[in-house]
Amino acid sequence: MAFGPFLLLALMEGMVTAAVLALAACGLSLVFGVMRVVNVAHGEFYMLGAVIAWAVAAFMPGPPALAFAAALVIAPLLVAALAAAADALILKRLNYDPEATIVATIGLLYMIQQATLSIYGPNATPVTAPFEWRIQLPWFGYSGYKLFVILAAVLVLLGLWAIMTRTRAGLIMRATQVDRTTAQSFGINVDRVYMGTFAFGAGLAALAGVLIVPIQQAHYLMGGDPLLLSFIVVIIGGLGSLRGTVIAALFIGLSDGVISMMFSPTLAKIIATLLVAMVLVFRPQGLFGAKA
Amino acid sequence: MTLRTSLYTPTRRGLLKAGAAGLAVAAMPGFVGAQAAPIKVGFQLHRTGIGASYGRWYERTAQAALKLINDGGGINGRPVEIVFEDDATDPKRGSEVVEKLTVQAGCDVVMGTLFSHVVIGSAPRAGELKVPYLVCSEGYHVASGMLNRWTLQPGITDVRSQIASMAPWVSANLGKKVSMIFPDFAFGHDHRDFFTAAMAAQGGEVIAQIAIPPTETSFTRYFPQIPAETEVLYHVMVGPAVLTFVKELGEFYGSGAKPAMFGFIDSLEAVDTATPGLEFLEGSYFWEAHNRVKPADAGEHEAAYRAAVGVDDNGASVSDAADVSTYSHMFSTWETLFFLKAAMEASAYTGPADRQKLVEAMEAMSDMPYGIERPQGAKLFNGRTHQVFGTQNISQVQGGKLMRVHQTSMADGAYEDAVDYTATSF
Numbered sequence: 034m035a036f037g038p039f040l041l042l043a044l045m046e047g048m049v050t051a052a053v054l055a056l057a058a059c060g061l062s063l064v065f066g067v068m069r070v071v072n073v074a075h076g077e078f079y080m081l082g083a084v085i086a087w088a089v090a091a092f093m094p095g096p097p098a099l100a101f102a103a104a105l106v107i108a109p110l111l112v113a114a115l116a117a118a119a120d121a122l123i124l125k126r127l128n129y130d131p132e133a134t135i136v137a138t139i140g141l142l143y144m145i146q147q148a149t150l151s152i153y154g155p156n157a158t159p160v161t162a163p164f165e166w167r168i169q170l171p172w173f174g175y176s177g178y179k180l181f182v183i184l185a186a187v188l189v190l191l192g193l194w195a196i197m198t199r200t201r202a203g204l205i206m207r208a209t210q211v212d213r214t215t216a217q218s219f220g221i222n223v224d225r226v227y228m229g230t231f232a233f234g235a236g237l238a239a240l241a242g243v244l245i246v247p248i249q250q251a252h253y254l255m256g257g258d259p260l261l262l263s264f265i266v267v268i269i270g271g272l273g274s275l276r277g278t279v280i281a282a283l284f285i286g287l288s289d290g291v292i293s294m295m296f297s298p299t300l301a302k303i304i305a306t307l308l309v310a311m312v313l314v315f316r317p318q319g320l321f322g323a324k325a
Numbered sequence: 022m023t024l025r026t027s028l029y030t031p032t033r034r035g036l037l038k039a040g041a042a043g044l045a046v047a048a049m050p051g052f053v054g055a056q057a058a059p060i061k062v063g064f065q066l067h068r069t070g071i072g073a074s075y076g077r078w079y080e081r082t083a084q085a086a087l088k089l090i091n092d093g094g095g096i097n098g099r100p101v102e103i104v105f106e107d108d109a110t111d112p113k114r115g116s117e118v119v120e121k122l123t124v125q126a127g128c129d130v131v132m133g134t135l136f137s138h139v140v141i142g143s144a145p146r147a148g149e150l151k152v153p154y155l156v157c158s159e160g161y162h163v164a165s166g167m168l169n170r171w172t173l174q175p176g177i178t179d180v181r182s183q184i185a186s187m188a189p190w191v192s193a194n195l196g197k198k199v200s201m202i203f204p205d206f207a208f209g210h211d212h213r214d215f216f217t218a219a220m221a222a223q224g225g226e227v228i229a230q231i232a233i234p235p236t237e238t239s240f241t242r243y244f245p246q247i248p249a250e251t252e253v254l255y256h257v258m259v260g261p262a263v264l265t266f267v268k269e270l271g272e273f274y275g276s277g278a279k280p281a282m283f284g285f286i287d288s289l290e291a292v293d294t295a296t297p298g299l300e301f302l303e304g305s306y307f308w309e310a311h312n313r314v315k316p317a318d319a320g321e322h323e324a325a326y327r328a329a330v331g332v333d334d335n336g337a338s339v340s341d342a343a344d345v346s347t348y349s350h351m352f353s354t355w356e357t358l359f360f361l362k363a364a365m366e367a368s369a370y371t372g373p374a375d376r377q378k379l380v381e382a383m384e385a386m387s388d389m390p391y392g393i394e395r396p397q398g399a400k401l402f403n404g405r406t407h408q409v410f411g412t413q414n415i416s417q418v419q420g421g422k423l424m425r426v427h428q429t430s431m432a433d434g435a436y437e438d439a440v441d442y443t444a445t446s447f
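Chains as they are written, first to last, in the numbering used here: chain A, 34 to 325; chain B, 22 to 447.
Next up, chain A with everything else stripped away, as it sits in the complex (with noise of 0.2 Å):
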């Protein structure tokens, strides 16, 4: 294949990884912005959306492209009350002890993804496309519906950045994420606040979930990639910052769309891993964080 096709191909494919990855990262981004909480169960939300898809597709009659756009809504939703519940039974709890919610969440992490093995099973399944559409370019196809993902990535990234800068639920996010203590002071209920952030972070990745799972099939051990990758994008971009995540998880995705395609995608790996060793050493805030 020609240098140009190819590099094209790479581009695709990176902006699907940064797409999806965007999007499960913010989530990440926001909870520990905002509630100083490092979730390491947000893979798994991630991979319940997945989950869930596929069980909204399993057992809703009618079209696929039906079924699909109400995974969209049921399991962020689904997904969103989940991780409330966490929050009111655990985090809570635990006074958001930013080492004890580590421990919690690892453990959240395992319950979560034995539940899904005991009920949903250790095989993987796939879950139809909203519509089969393939683009024929003169080198190669390509399917349309990642084409979609991009799209729907954009969107919903869009709607979170008017959420956080536009609304007044966002106002009192970033207020809290400034300062907790005062924004309690001024009448903002933070336990409500913060449950609020774990489920929409939650939901987000789960958001993600759906979105991915016609192009790699529902599987109860998925979380642990995204998981890696979004701790990855979210220590370049800087902790809390949601413009530094969908920067790096650009970045980051695009960079394993062409380092996979042109090298391997394990050389792809080493060096995101170099990158974030590199971020921590020389500027721990990450790229676009608050200095601490």
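None of these hints come from the bench; they were simulated from the model.
There could be a bad hint or two in this list.
Here are the in silico distance ranges between beta carbons for each label pair [to be verified]: (1) ALA35(A) with THR236(B): 28 to 38 Å; (2) ARG276(A) with MET167(B): 46 to 56 Å; (3) ILE135(A) with ALA399(B): 51 to 61 Å; (4) ILE168(A) with ALA399(B): 46 to 56 Å; (5) GLY224(B) with ALA35(A): 26 to 36 Å; (6) GLN417(B) with PRO94(A): 33 to 43 Å; (7) LEU99(A) with ALA399(B): 45 to 55 Å.
Pulled from the structure, derived: some chain A residues nowhere near chain B, Cβ distances all over 12 Å [unchecked claim]: (8) PHE92; (9) LEU122; (10) ILE168; (11) ARG225; (12) GLY257; (13) MET311.
A few chain B residues that face chain A, going by a derived Cβ cut-off under 8 Å, partial list only [what the hints assert, rightly or not]: (14) SER239; (15) THR241; (16) PRO245; (17) PRO261; (18) GLY275; (19) SER368.
Heads up, the beta-carbon is just placed ideally off N, CA and C, and yes, glycines get one too.
On the provided structure of chain A, position chain B as indicated by the hints.
Relative to chain A, chain B alone:
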């Protein structure tokens, strides 16, 4: 504190009593009912992890063979029992499972492992425990001499032999310039090494070797490495994402020009060949050990085998047509159980003390004719290399179904012995 002590003391005493009682009970059958005690076969099962689709069918097939054996009076007049233990398709867990089945569950033998990295991770522990370890894996690791006297593969032909019988057909019918896609671990490396050598022997050439990690979930990024001058694309993939692999391959080639395709059915095991998105496979070829779609000229025991395992004529579960079997691999558990039965009868096996005698009896086996014990076909067991050999099939996708177009002979897959395990110590 007082409360805790008063509660604890009787418990400890009770524990000792219970332990003593347990020991007495455990010792009793040895004296009293040796004839009636079941033979226990430990089954290392990929129930979860990346091998789960195989595990599901390995368990069903083994259960069906077990029922047939017990209905026929068991082995040496004793009933047989299988203890299944999940290894999560993980090598580290695998060796723990071998130990647990042998030491805790008291199994006479351990069998059933498929994924080659788990076999390689578990076999040394079986050797240390001196327990016969019968794998159902295809890897060349048994016959290569890498493992030990206690590890045998009596139920399925190894990759080296499968490939030796495929390469001449591929080079004569499909093309000489081959690009290979294979999983990046032991099993895939066997494909890479032996197919490359076998093609060279046929005057062909492997022009690209593309290794993909078995846990990969996205494949499009690997396909541009396939050179444009490729005449034949040889693919073999494993793991939960095989359907994604073939779908993305179809998207990549789309309606444009594409090379001839020859795949190992592993790329499609447990996947319905008529799945939307797989239309591009029409006309392409696959290796199959045991034809998923029942051939018109199938052997006389084929119907009984399918009925016993619960598989219809298309290779799917009789209770759920969407639940497609791993038909080209699962017969190995069936045939391994019957191989074990024959060896236990030949060695008049009575218990773990006879394990060495049992392995020697297995090594003495050779010609094994077609029958309900071997539904895939007649086999030749090589006691020196601990490996069995059988016939292979090439099928073509016709109308979304795998139809047999060629069957190899046992001689096609022969190669020189690389090891003589019978000369090694127990």
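Comparing the hints with the structure gives:
no.	hint	result
1	ALA35(A) with THR236(B): 28 to 38 Å	31 Å, holds
2	ARG276(A) with MET167(B): 46 to 56 Å	53 Å, holds
3	ILE135(A) with ALA399(B): 51 to 61 Å	59 Å, holds
4	ILE168(A) with ALA399(B): 46 to 56 Å	50 Å, holds
5	GLY224(B) with ALA35(A): 26 to 36 Å	30 Å, holds
6	GLN417(B) with PRO94(A): 33 to 43 Å	36 Å, holds
7	LEU99(A) with ALA399(B): 45 to 55 Å	53 Å, holds
8	PHE92	14 Å, holds
9	LEU122	27 Å, holds
10	ILE168	8 Å, violated
11	ARG225	37 Å, holds
12	GLY257	9 Å, violated
13	MET311	24 Å, holds
14	SER239	7 Å, holds
15	THR241	6 Å, holds
16	PRO245	5 Å, holds
17	PRO261	3 Å, holds
18	GLY275	2 Å, holds
19	SER368	37 Å, violated
Taken one by one, the earlier hints fail for this structure at numbers 10, 12, 19, listed in ascending order.
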